[in-house]
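**Q** Please build the complete structure, drawing on both the sequences and the hints.
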Amino acid sequence: MHDALTITDLTVAYRDRPVLWDVDLSVPAGVLMAIVGPNGAGKTTLIKATLGLVRPAAGQTLIFGRPYAEQRRLVAYVPQRGSVDWDFPTTVLDVVMMGRYGSLGWLRRPGVRERDQALAALEQVHMAEFAGRQISQLSGGQQQRVFLARALVQDAQIYFMDEPFQGVDAVTERAIVAVLRNLRAAGKTVVVVHHDLQTVPEYFDWVTLINVRRIASGPVAEVFTEANLRATYGGRIAFLGQQGAAASAVGDLAADEATG
Amino acid sequence: MAPEVEVQLIAVIVAAACALPGVFLVLRRMAMLSDAISHTVLLGIVLGYLLTRDLGSPLLFVGAVAMGVVTVALVELVTGTGLVREDAAIGLVFPVLFSIAVILISRFAGNVHLDVDSVLLGELVFAPFDRVRLLGLDLPRALLVGLVTLLANLLLIGLFYKELKLATFDAGLAAALGFAPALVHYGLMTMVSITAVGAFDAVGSILVIALMVAPPAAAYLLTDRLARMLLLSVLIGAASAIAGYWLAYWLDVSVAGAMATMSGVAFGLCYLFAPGRGLVAGAARRAHQRWEFAQQMLTLHLLNHEGTAEAIEECSPSRLSAHLRWPPAFAAEVVRRAEQGGLVQRRGELLTLTERGRRLAQEASLR
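Protein chains in written order, with numbering that gives the first Met the number 0: chain A, 0 to 259; chain B, 0 to 366.
Simulated from the structure, these hints should not be mistaken for lab results.
This structure is a prediction, so every number in the text was calculated from the model and none was measured.
Every residue, glycine too, gets a C-beta built ideally from N, C-alpha and C.
It cannot be assumed that every hint is accurate.
[Claimed, not checked] Some chain B residues well away from chain A (every beta-carbon gap over 12 Å; in silico): (1) Glu3; (2) Arg27; (3) Ile99; (4) Asp169; (5) Ala175; (6) Leu246; (7) Tyr270; (8) Arg289; (9) Glu305.
[Said to hold, decoys possible] Only part of the chain B face toward chain A is listed, based on derived beta-carbon distances under 7 Å: (10) Leu165; (11) Phe168; (12) Gly171; (13) Ala174; (14) Gly177; (15) Asp223; (16) Arg224; (17) Leu225; (18) Leu230; (19) Leu234.
**A** As structure tokens, then:
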């Protein structure tokens, strides 16, 4: 059986500046994987290259052994919340139904079935009572849950989520974690760009550390080590040793990066 | 039909045709592309004329639409260099193409009916004189062109409503789902070009811009549903057209100019008076919030000093303004509103919280 995601020799560059440098990565099906790395490490680019949103300079990515263009229906995508205009004149329910557009294809209109699926997905993220709400009236966390619901109705095999935990409230964080675990229980593969190193061992079972190059990838227990984190973050990070195993980060990373 | 009815009918149809693609331009923050396209189509017309030497040739229309799309491509090319932003790129590209057209007209086509005034303001009042026969009906050509444009826009938006919405709201997801947002984008730009060319003969480029931007911008303030925004844009555009016609009639001025003015007035009215988003509603809301917040501050202040020794000093209505540094009139008004709302009550010289006031203060302290 094929891995859910196979990336070979992937290089993405902005003119002559590599954003991702010869990255190899295999993600087995059924894992909940975090992608971690400092700002500008190419985490978002990795997802975008996989989904054909940026053109790689070299290498390829395969979803269950085939190019993405042939596997679109198997993939769901949660972009960064800030990537869209939340003043757009539409409702929560309408945005969630957009997740069904891929299955509908060109010209076919969403109907009662899509509506019911969207409502069920909103139920899962505890947003059902907001279905008729204009999207600009949502808090950041609620917006994130709407995006999550939109990915859920895609009913995919592999989910790519770009920083779903970014700036969300505690309720939303718990809702997202619950959804991630449900997805894993249903045998889905989930790839999440993640920032909070402390929660990696708790939320995820697989992790990839990148900083332009792939530093390490594998089960959290094996590769989420202080040595690998140092290699990823370039020593600009302090650690609290935790029983010799996975280290959790302390210190203000953002401040370190600003000065480093 | 009487000529004045025909002129108004043409104006209404052109306004509706422009408003539809205009909604998507406004939502994509590309309103200024309508400015560029409505000017550069002239170059396509001129080049078509120089090739065919026939003002009635369909090649003029094809050339004009193609030039509109070329304009968009050139703007993207210039933006793509990363050296200038999109607004500057628009400002660079379209004057070049437009002035080439103006030079070509004055050099090679000075004696034909292609003059710059009619390009900018159109010749709406003369539209009834240029007639065609179709299915036994004797119609002004501009009316027929407008109708075809309107129906084409309705059909395209009707068919590709879902694709246009998705590509406009979230181009990234549209691309990931295989909906080719670049194709949708150029499809929309072709629609804008066709509309601009169709409308431009009758109403000129200035009115094309006004009708593509002002009604959708006004409708955006009135609703938060895309379908309603489309409908309202059409209605506002049509109303501006009719109001403009009568304004021009009474003041004896340019019809296209008056219509463009009225579309601006329509936007101004929505900007001021739109429920919820208008300036007046916003000011009322902020004033309301100011009083609400002042009452919260008052209850929190009373809660903090409730039952303490200094309560007499801190919580007497007469001393309040000194302690909170509020102007006396403002403090008195806040107390009056809080009393009226059942948040506080007077006990002689002491202001105390009611049960409701205490709850509000406790909620406020959690903020």
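**Q** Are the hints correct? Go through all of them and say.
**A** Results of checking the hints against the structure:
1. No Cβ of chain A comes within 12 Å of the Cβ of Glu3(B); the nearest lies about 36 Å off, and the non-interface call holds.
2. Distance check on Arg27(B): its Cβ comes as close as 9 Å (rounded) to a Cβ of chain A, failing to clear the 12 Å threshold; non-interface status is violated.
3. The Cβ of Ile99(B) sits about 32 Å from the closest Cβ of chain A, beyond the 12 Å cut-off, so the non-interface label holds.
4. Listed as a non-interface residue, Asp169(B) fails to keep its Cβ farther than 12 Å from every Cβ of chain A; the least gap is roughly 5 Å.
5. Residue placement check: Ala175(B) does not keep its beta carbon more than 12 Å from all beta carbons of chain A (closest about 5 Å).
6. With a least CB separation of 30 Å from chain A, Leu246(B) remains clear of the 12 Å interface cut-off, as annotated.
7. With a cut of 12 Å on Cβ distances, Tyr270(B) stays outside the contact zone with chain A, its closest approach being about 15 Å.
8. Listed as outside the interface, Arg289(B) is consistent with that label: its C-beta sits roughly 21 Å from the nearest C-beta of chain A, beyond the 12 Å cut-off.
9. Every C-beta of chain A lies more than 12 Å from that of Glu305(B), the closest at about 31 Å, which supports listing it as non-interface.
10. A hinted interface residue such as Leu165(B) counts as satisfied when its beta carbon comes closer than 7 Å to some beta carbon of chain A; here the least separation is about 6 Å, so the hint holds.
11. For the restraint placing Phe168(B) at the interface with chain A, the shortest Cβ-Cβ distance is roughly 5 Å, inside the 7 Å limit, so the hint holds.
12. Because the smallest distance between the Cβ of Gly171(B) and any Cβ of chain A comes to about 5 Å, under 7 Å, the interface hint for this residue holds.
13. Because the beta carbon of Ala174(B) sits about 6 Å from the nearest beta carbon in chain A, less than 7 Å, this interface hint is met.
14. Given the 7 Å rule on beta carbons, the hint for Gly177(B) holds: about 5 Å separates it from the nearest Cβ of chain A.
15. For the restraint placing Asp223(B) at the interface with chain A, the shortest Cβ-Cβ distance is roughly 4 Å, inside the 7 Å limit, so the hint holds.
16. With 7 Å as the threshold, the beta carbon of Arg224(B) comes within range of chain A, its nearest partner Cβ sitting at about 6 Å, so the hint holds.
17. A distance limit of 7 Å between C-beta atoms decides the matter here; for Leu225(B) the minimum to chain A is near 5 Å, and the interface restraint holds.
18. The interface hint given for Leu230(B) is violated, since its Cβ lies 12 Å from the closest Cβ of chain A, which is over the 7 Å cut-off.
19. The restraint placing Leu234(B) at the interface with chain A is violated, with a minimum CB-CB distance near 16 Å, outside the 7 Å limit.
Hints 2, 4, 5, 18 and 19 from the earlier list are contradicted by this structure; the remaining hints agree with it.
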